[in-house]
Amino acid sequence: LRKEHPILRLSALKGAKVTLDGGASTALIDLVIDLAAGDYPSVIHVLIADEDGTRRALPPPNRIDAHGVRVAAAARGEVVTEDALARMVLLRRDVMDALVVDLKDLRIVRVNDLLLQSVGDGWALTAADISPWAVVRRLTRGLIGRDVADDVLDWQQVEFLRGDPHAAAADRDYHRRVARLQPTQIARLTDGLPYMHAAELLTILPDPLAADVLEAMLPERQAQVITELGSGQAARLIAEMATDQAADLLGHLELDEATNLLDAVPPERARLIADLLRFPADSAGGIMTNEVVIAPVAGTVAEVLQHIRPALARPDFVYFVYLVDDEQARHLRGVVTLRDLNLADPETPVEQIMRADLLTVGALESALDTAHAVSDHALNALPVVAPDGALLGIVTLDKAMAQILPEAWRDRMPRVFS
Amino acid sequence: LQFAPSRRPSLDPGLRVVIRGRPMRLRRLRKPPTGMLWFAAILGPGLVAANAGNDAGGIATYASVGAKYGYDLLWMMLLITFSLAIVQEMAARLGAATGRGLLDLVRERYGIGWTLFAVIVVLLANGGVTISEFVGIGAALELFGVSQWLSVPVAAAAMWWLVVKGSYRRVEKLFLAMTLVFFAYPVAAILARPDWGEVARHTVVPTVHFNADYLLLFVATVGTTITPYMQLFQQSAVVEKGVARRYYGAERWDAYIGAGFSNLIAAFIVIATAATLHVAGQTDVESAADAAQALAPVAGQYASALFGVGLLGASLLAAGVLPLATAYSVSEAFGFRKGVNLDFRRAPMFVGLFTTLLVLGALVALIPGLPVFTLLIAIQTLNGVLLPVILIFILRLINDRRLVGDLANGRVYNVLAWGTTIMLIGLVALLLANTALDAAGIDLFGGGA
Chain R
1 LRKEHPILRL SALKGAKVTL DGGASTALID LVIDLAAGDY PSVIHVLIAD
51 EDGTRRALPP PNRIDAHGVR VAAAARGEVV TEDALARMVL LRRDVMDALV
101 VDLKDLRIVR VNDLLLQSVG DGWALTAADI SPWAVVRRLT RGLIGRDVAD
151 DVLDWQQVEF LRGDPHAAAA DRDYHRRVAR LQPTQIARLT DGLPYMHAAE
201 LLTILPDPLA ADVLEAMLPE RQAQVITELG SGQAARLIAE MATDQAADLL
251 GHLELDEATN LLDAVPPERA RLIADLLRFP ADSAGGIMTN EVVIAPVAGT
301 VAEVLQHIRP ALARPDFVYF VYLVDDEQAR HLRGVVTLRD LNLADPETPV
351 EQIMRADLLT VGALESALDT AHAVSDHALN ALPVVAPDGA LLGIVTLDKA
401 MAQILPEAWR DRMPRVFS
Chain E
419 LQFAPSRRPS LDPGLRVVIR GRPMRLRRLR KPPTGMLWFA AILGPGLVAA
469 NAGNDAGGIA TYASVGAKYG YDLLWMMLLI TFSLAIVQEM AARLGAATGR
519 GLLDLVRERY GIGWTLFAVI VVLLANGGVT ISEFVGIGAA LELFGVSQWL
569 SVPVAAAAMW WLVVKGSYRR VEKLFLAMTL VFFAYPVAAI LARPDWGEVA
619 RHTVVPTVHF NADYLLLFVA TVGTTITPYM QLFQQSAVVE KGVARRYYGA
669 ERWDAYIGAG FSNLIAAFIV IATAATLHVA GQTDVESAAD AAQALAPVAG
719 QYASALFGVG LLGASLLAAG VLPLATAYSV SEAFGFRKGV NLDFRRAPMF
769 VGLFTTLLVL GALVALIPGL PVFTLLIAIQ TLNGVLLPVI LIFILRLIND
819 RRLVGDLANG RVYNVLAWGT TIMLIGLVAL LLANTALDAA GIDLFGGGA
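Each protein sequence line maps, in turn, to chains R and E.
If you read the first sequence in my numbering, its first letter stands for residue 1, the second for the next number, and so on.
If you read the second sequence in my numbering, its first letter stands for residue 419, the second for the next number, and so on.
Bear in mind the hints are in silico, worked out from the structure with no lab data behind them.
Hints may be right or wrong, so weigh each one.
[What the hints assert, rightly or not] Which residues of chain R face chain E? A few of them, derived with a C-beta cut under 7 Å, are:
id : residue
1  : Arg110
2  : Ala274
3  : Asp275
[As the list claims (entries may be wrong)] Footprint (simulated), chain E over chain R, 3 or more residues, beta carbon under 8 Å:
id : segment
4  : 178-190
5  : 318-326
Quick caveat, the model's predicted, so the values are computed rather than measured.
Backbone N, C-alpha and C define an ideal beta-carbon position, used for all residues, glycine too.
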């Protein structure tokens, strides 16, 4: 927004005429912008109508002021099909009065007016007026109004959404500036959006970020939003999420939707998620995660470090390494921390530095009792084992806290261990 | 060392599903609810929204209908149940399809001018109902000997404090529990031993009186049964419940059942009043004490107390929610900052609007010498007059396929819904014409009152 350039409000163009080169004039229907064109979307077409209502697109305007729009073209432009019209972004139809994301103050605001400015050789959308005064100004046709510069939102700070989750899949343009925010910030922003907009926002984010945002959303919101994602993207996000988070989400969905999605997830992720879904939600198995780093107990510290290297590549939190007799049977023998492994002499057998007297819990024990055990014993993670002693997963401190804490606190709780 | 808790959850057999050709039993997936669980899962916003119609104004109108015309208007209660079901279902569907409130959609689709118009209609309708709730609070506590000069200002101040301090949700359940008293109406209706053959006949055979009073009560009954705020509430409650458009199908029964249930209670209010007051020759209900007599068959000398508790609960419930919901949707439409945890400096429009509605509602209710029941019925009539505006907005939006996709209205639905709207517009036009001619000294109904 350059203050020195003259500013024209879109509301001032109410009832404006479009004048062509030959002097012929016709009513202005709308202005078409190109959302992908840099920080400030430029006006790329002037839309007019024939007598029978057919829409025609003229070249960009070379003058816009309160008296009207001038276009340097003699002919009446090209006919725009209904289909093409639906794909375009029109200032009056789509952007004016819409809900947009304010990236500066991280909130959802309504566009009360739009500011156009001449930039370079054309005209561009430079800001949205979100002040109540803009409403008064429009309702009184500009008679009463006050310019409150504080409430003008520079378009660089705006993410415009169409309210149509399928728009992004259809390759429409977006700024995707919202992708610069933290996943939790985006998730809190979506709380204030209608769910169609929230789903659309997920579709314009890269998958890893979208998966993190989805994880940070409230469970009801997740279940609602996922129904509006394409099945391809929904399955990709579920595969990308932590397995316990993915299982929680699937547990909130309708049965056929959950099984369809699970079917579409890559087999190795689907197996991990399905393993969690075997246990009732109110059992230890129902709140555990099975993304656990394991290593054979019969080895030296160096061998264990070498063994777990690929597992550490995943960006999840890892602190404990669980030692098992055999990677198929997974009978739990002990635990060792990453710090112990790094501080110990590489040639020491890992059995000598591990803790073998572990507290464990059966997968079908009550979730609440398990959670209390985690907090009572001040554990960071409690291993969950099968009756034969095989390691199934771990209940982490934050999952345990989520069981114990009042509901209102859970949403705000940072996730540390999963 | 195995940690062994005392209590083991009983093991559910789980659901048999096949994932990638592998059959497995999963215990954590949601079972599709059946039987009573199905009802518990879907009942909610629709039931609350429709039953909100049985508030102070509703009770006043139904009691007047029963006292004045006996069972004569029962046929329209039956017809209007279908209209209510259709209207509430459309509002619910609009909410599920878009995830947005009505004024929000009006703003985005029809621009600022239409939004202003819709906001004025909503403010008039909801402002009127807010007045009627305070009238209800005053009238209810007068039954217990508390002066309205004390009860109304105290209630308004308490309501403001509860909502702004964010503890309204906690007392809401108490108010809701108080309205359960109105279940006494079906009991009273049965104990009053009405002529059930007569009741049945009047439910299916229309009885029409050609006079202005009848027309007024007719529009008032429509206005209180299908109040504009019920549609606004239904739509935003569905949005809040988080219903996705793909799973909307079962939700519509919530709206249908809610409409049926609330009108059943309303019909019992009419029957109870008709079987007690009307047969006794008391055809005018002018105060809460009069209306309370309909509960005499069930409560005897405690009828007033019972009626008072129910009226107080219903009025308090709406007196807080209505100004709040109104301020919320108006702020949403205009893009004002909103939220109950914001103070006046940060959200002046929102807090200002909420406070103004509350204060105005209480002040008007306190005007000395106000004919209580006449005022309540006038407010319901105003709601009936404004209803077509809201219905037309809903109908336009629910037929906009670019917005709602395949959740748009079918043809039968459109015929029924537009039919209701046009019939209502006709009634309102007749009422307005009669009022205008009356003022000019011409009696449209040939002196039939």
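Quick rundown of the hints versus the structure:
Annotation: Arg110 (chain R) was flagged as interfacial toward chain E, and the flag holds, the nearest CB pair being 3 Å apart, inside 7 Å. Residue-level restraint check for Ala274 (chain R) holds (minimum Cβ-Cβ distance to chain E is 6 Å; threshold 7 Å). A least Cβ separation of about 9 Å between Asp275 (chain R) and chain E goes past the 7 Å threshold, and the interface hint is therefore violated. With 0 residues carrying a beta carbon less than 8 Å from a beta carbon of chain E, the segment 178-190 of chain R misses the three-residue requirement, and the given coverage is violated.
Figure legend: the segment 318-326 of chain R, annotated as covered by chain E; annotation inconsistent (0 residues with Cβ-Cβ distances under 8 Å, at least 3 required).
Hints 3, 4 and 5 from the earlier list are contradicted by this structure; the remaining hints agree with it.
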